[in-house]
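Asks: Listed below, chain by chain, are the residues.
Protein chains: 4
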Amino acid sequence: MAETRLGAHAYGKVGIRLAKVERAGDRHTFHDLTVQVRLEGDFAVAYTGADNSTSLPTDTMRSTAYVLAADLPLTETERYLEALGGRLLSVVPAATAAHTEAVVHGWDRLAVSGAPDGHPHAFRRGTADATASVTSRRDRPAEVRSGLTGLTLAKTTGSGFAGFLTDEFTVLPETGDRILATAVEAEWTWLRPPGSYAAARPVVQAAVEEVFATRYSPSVQSTLHAAGEAVLAAVPEIATVSFRLPNRHHIRVDLTPFGRAGEVFTVPDRPYGLIEGTVERA
Amino acid sequence: MAETRLGAHAYGKVGIRLAKVERAGDRHTFHDLTVQVRLEGDFAVAYTGADNSTSLPTDTMRSTAYVLAADLPLTETERYLEALGGRLLSVVPAATAAHTEAVVHGWDRLAVSGAPDGHPHAFRRGTADATASVTSRRDRPAEVRSGLTGLTLAKTTGSGFAGFLTDEFTVLPETGDRILATAVEAEWTWLRPPGSYAAARPVVQAAVEEVFATRYSPSVQSTLHAAGEAVLAAVPEIATVSFRLPNRHHIRVDLTPFGRAGEVFTVPDRPYGLIEGTVERA
Amino acid sequence: MAETRLGAHAYGKVGIRLAKVERAGDRHTFHDLTVQVRLEGDFAVAYTGADNSTSLPTDTMRSTAYVLAADLPLTETERYLEALGGRLLSVVPAATAAHTEAVVHGWDRLAVSGAPDGHPHAFRRGTADATASVTSRRDRPAEVRSGLTGLTLAKTTGSGFAGFLTDEFTVLPETGDRILATAVEAEWTWLRPPGSYAAARPVVQAAVEEVFATRYSPSVQSTLHAAGEAVLAAVPEIATVSFRLPNRHHIRVDLTPFGRAGEVFTVPDRPYGLIEGTVERA
Amino acid sequence: MAETRLGAHAYGKVGIRLAKVERAGDRHTFHDLTVQVRLEGDFAVAYTGADNSTSLPTDTMRSTAYVLAADLPLTETERYLEALGGRLLSVVPAATAAHTEAVVHGWDRLAVSGAPDGHPHAFRRGTADATASVTSRRDRPAEVRSGLTGLTLAKTTGSGFAGFLTDEFTVLPETGDRILATAVEAEWTWLRPPGSYAAARPVVQAAVEEVFATRYSPSVQSTLHAAGEAVLAAVPEIATVSFRLPNRHHIRVDLTPFGRAGEVFTVPDRPYGLIEGTVERA
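Residue numbers (my numbering), protein chains in the order written: chain A, -18 to 263; chain B, -18 to 263; chain C, -18 to 263; chain D, -18 to 263.
The set of hints was computed from the structure by calculation and includes no laboratory data.
Hints are not guaranteed to be accurate.
[Said to hold, decoys possible] Using C-beta positions, here's what the derived DEER-type ranges look like: (1) S71/C to Y197/D: 32 to 40 angstroms; (2) P174/A to E(-16)/B: 20 to 28 angstroms; (3) S94/B to P54/A: 47 to 55 angstroms; (4) R(-14)/C to R119/A: 28 to 36 angstroms; (5) T56/A to S94/B: 48 to 56 angstroms; (6) A242/A to L53/B: 17 to 25 angstroms; (7) S71/C to D89/A: 42 to 50 angstroms; (8) G240/D to L53/B: 35 to 43 angstroms; (9) G95/C to P54/A: 52 to 60 angstroms; (10) T130/A to R233/D: 31 to 39 angstroms; (11) S71/D to G(-12)/B: 53 to 61 angstroms; (12) T130/B to T130/A: 19 to 27 angstroms.
[Unchecked claim] Covered stretches of chain D (in silico footprint by chain C; criterion: 3 or more residues with CB under 8 angstroms from a CB of chain C, positions within the stretch not fixed): (13) 76 to 82; (14) 111 to 121.
All of these numbers come straight from a predicted model, not from anything done at the bench.
For glycine and all other residues, C-beta sits at the position ideal for the given N, C-alpha and C.
Same shape as in the complex, but just chain A (with noise of 0.2 angstroms):
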């Protein structure tokens, strides 16, 4: 081998996803950010030998990024890091620098009726899409989709699953409160054209919102019903409305082994669950 020594080095984790509820009565803030973590520092003994005593697992790195979150407002999102770098520093003695990030991913309120400040515990991050979907044929009228792709809601209570189907590898346990949040990708057929195609999205995208925000959800299949329901009241000429809702979930972390409580939550972005439904005119 040739002579060699360790130049720059350094470690930490990246892509910690973390969401957080803050309750202030029934008016929710929900936080959700991707966090990352990186020490600078003299950790040679686990490059040059295998020797790990200097190194913190960034295993722990995650732990303490949910901890600080259960521990700490989360509004002002710099003291949030400046916090989670100062811990890291001051359990890792061979760290000279902690370099905390984080990307707050934005949500809005949304604009429901009857609530003037915007929905106390439902939101919509982004905008939505619009898709249409065409088939010709000879001789025939044009076979004509709409849709919306991308609606990506969220809310922070009002959404349970109970009473399912169990058998020996089920170890879910019910609950009559969770986060609900899912991207909503819906199509719709016509019974006749419409005045305007353009004219009938926001009617289905508020129809949409509507039910999600206020109605107590018992199943991702309920909502979705719902919402189609809603749809096919709202505009008369749809014949069919379909969704395909993700369940993209949101899991509590368990904070027990560390002594806190708080509302902390994990959001893997593989698996999810895909609930998929067409309602019709009777």
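On the provided structure of chain A, position chains B, C and D as indicated by the hints.
Replies: Then chains B, C and D, alone, in the frame of chain A:
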């Protein structure tokens, strides 16, 4: 070889990126679509032999999408797709069905001072994410950086690029009227901790949007600098502000071979210009 | 509300990441799958009412995928999916059809010295890309950096992590036998221009792969350093070599609630550890 | 406005997709790069004023990347980047540094019968993934489909497209020699269960690759059909085979404005043709 026959088959074009500006006086509408086309029918000779006489090139499908976008209003996407499907059936005798689809990417008018109904030609898509970044070291204050990412903006006029350096590989024509589109990534440092990091962020965003919307852009560089000046003027605690601005090129489609004018653009994913710069207090 | 009825509907689980190690003496087989499940049938009560009694949770579908992966050989993916679909039909009376799908991610055995049939427990996926980076300045030689990216490696044993720093937020258990998987990103600088930049790249890759495959890894850090030493020994013109090694965690699924043992792992996309370091000539 | 000054700044072009064919008799080398360029220097007048006279357009950077790819061998990527950076410094007086980077996407020669050193002009990139899909119903055998996805293939000659249907929107020229590139997605059904599903997959892949490499392609459709026939001939238990073949267009860069010939191509991400078809036993 085994005895075989051709079963179901189809072909088409996927991912046709298409933007269009419709001008009603000074007030512009900005359409931004991704279109796809799929033809079913009896194209067997192209598969089983070397006979392409039934196959309209997918390149022509793309041209057709552009030409019809020039010819038709795009507000009712479904009508545009009907026309596109009908056209393809009319020129492809072997086709029995044309499936046309579009995703319409949503843009909202910017809300800037003096434009009660939204800005006439400046738009935002979606919701920007907040970013924050902290470097903690022992025995010294943490370095805090705050930012925005994914602030996606477009304006359909009020932008040009001329008087640039040229060499023998330069073929870009000068222009005094082009689409300017970007996804702002901004990060700022602090002279001193503000009362609220979170409260400063919408002030920064509003300053950037105001400059983007209301000031003629002779280059991305110039817009970057003016936005930086506006940020420093708006938030006195900010020390420096850095931007990374991808130049999301909108390339005017040359419709003259088809006898059309019309402001139809294609939007390549890559390559793109990337303009960076920091503005500091003197 | 309009008179409506429920039409076609289905539900399931998408994106179940699943790895399995099958050991035949020292020679391991590494299976890496992404599975999805979709049930059709009469689940109307879940949609039209609040009655979940026909719905097996999608979380249970995931558990079932893991349990059957433990129970069955995975070489014939189709037989595993048949069993998975059959099982779900057997426990969900309302289901009329179960659609099960898998993508099997391909891994090749590493070719290292002394292993004529490929390494018994070290694998590579796909083809790495080469990278190059040059900084040119006036009146001085260009700075050249060469690299590799996307060199995706896994080993199913010969890796552990123990003796690490702990605090009260540490819950990670020590291990002497875990899966180690990463996508190597390497970049090196040059003492002097080599005869061929291109010819050096496979020498670097072989050195990295040899270390990865044949040396016990007490930490990612240690493997990084040993790989760096091997690179500097193998190519005398290289001055320094830097690595970024994401730790693609494979989490052993706890099958004890289901009365199974078996080495089944889940593979979260995020978060992941990221280990960086540079090795230089002394 | 506050008193400000311009700090660090830079600009350039990201994501320049570039392929090149180098012919040594019948044996071709296929280079596939993504290049980026970044200039540092004193470009202040472009930022603080409306003066673009120091700014070479990023569009010219792209042209320069193409022209130099035509002029130089690409085997030593580093030397190409040095030339690119040097050229940009020479024509941009304000630039003090040019950073040039490339990712070189790896392609391996196909191993087909009668080509002991690999095929002279047909290539594969990476490792295909296996797919499997099963529909289980009560009281009837499961329907099994097997497949391949991500089998990325290219050939640098032996492909053309001519004699096609035209209309007044057709501008595509006929060609008898073009690059053909695709990522094969194949799925097949079974007459009866084979001895091994897994063992059939490499037989299918080899049949597809042999057709792709050795048979002149008058269209993607024709290659699809011939590949289907070869699959049915190779595996007697297969009933039908369906393909989805994206046509990853390689567009020859017109270098005549720059006085160059040379086979340099650009590779747009979108749009792309998509050719589908099923071949069945008669």
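Asks: State for each hint whether it applies.
Replies: Evaluated hints:
Separation of S71/C from Y197/D is about 52 angstroms and departs from the stated range, judged on CB atoms against 32 to 40 angstroms. Evaluation of the 20 to 28 angstroms hint for P174/A and E(-16)/B yields a failure: the beta carbon distance comes to about 47 angstroms. For the pair S94/B and P54/A, the beta carbons lie near 32 angstroms from each other, so the given range of 47 to 55 angstroms is not met. The hinted range of 28 to 36 angstroms is satisfied by R(-14)/C and R119/A, whose Cβ atoms lie roughly 32 angstroms apart.
Taking 48 to 56 angstroms as the suggested C-beta distance range, the pair T56/A and S94/B does not conform, at roughly 27 angstroms. About 59 angstroms separates the C-beta atoms of A242/A and L53/B, a value inconsistent with the hinted range of 17 to 25 angstroms. The hint said 42 to 50 angstroms for the Cβ distance between S71/C and D89/A, and at roughly 45 angstroms that hint holds. As the Cβ distance of G240/D to L53/B is approximately 42 angstroms, the hint placing it in 35 to 43 angstroms holds.
For G95/C and P54/A, the hinted distance range of 52 to 60 angstroms is satisfied, since their beta carbons lie about 58 angstroms from each other. Between T130/A and R233/D the Cβ separation comes to about 36 angstroms, which falls inside the hinted range of 31 to 39 angstroms. A C-beta distance of roughly 59 angstroms is found between S71/D and G(-12)/B, which places it inside the suggested range of 53 to 61 angstroms. In this structure the hint that T130/B and T130/A lie 19 to 27 angstroms apart at CB holds, the actual value being about 22 angstroms.
Counting residues of the segment 76 to 82 of chain D whose CB falls under 8 angstroms from any CB of chain C gives 6; the rule of at least 3 is met. Under the rule that three or more residues need a Cβ within less than 8 angstroms of chain C, the assignment of the segment 111 to 121 of chain D holds, with 9 such residues.
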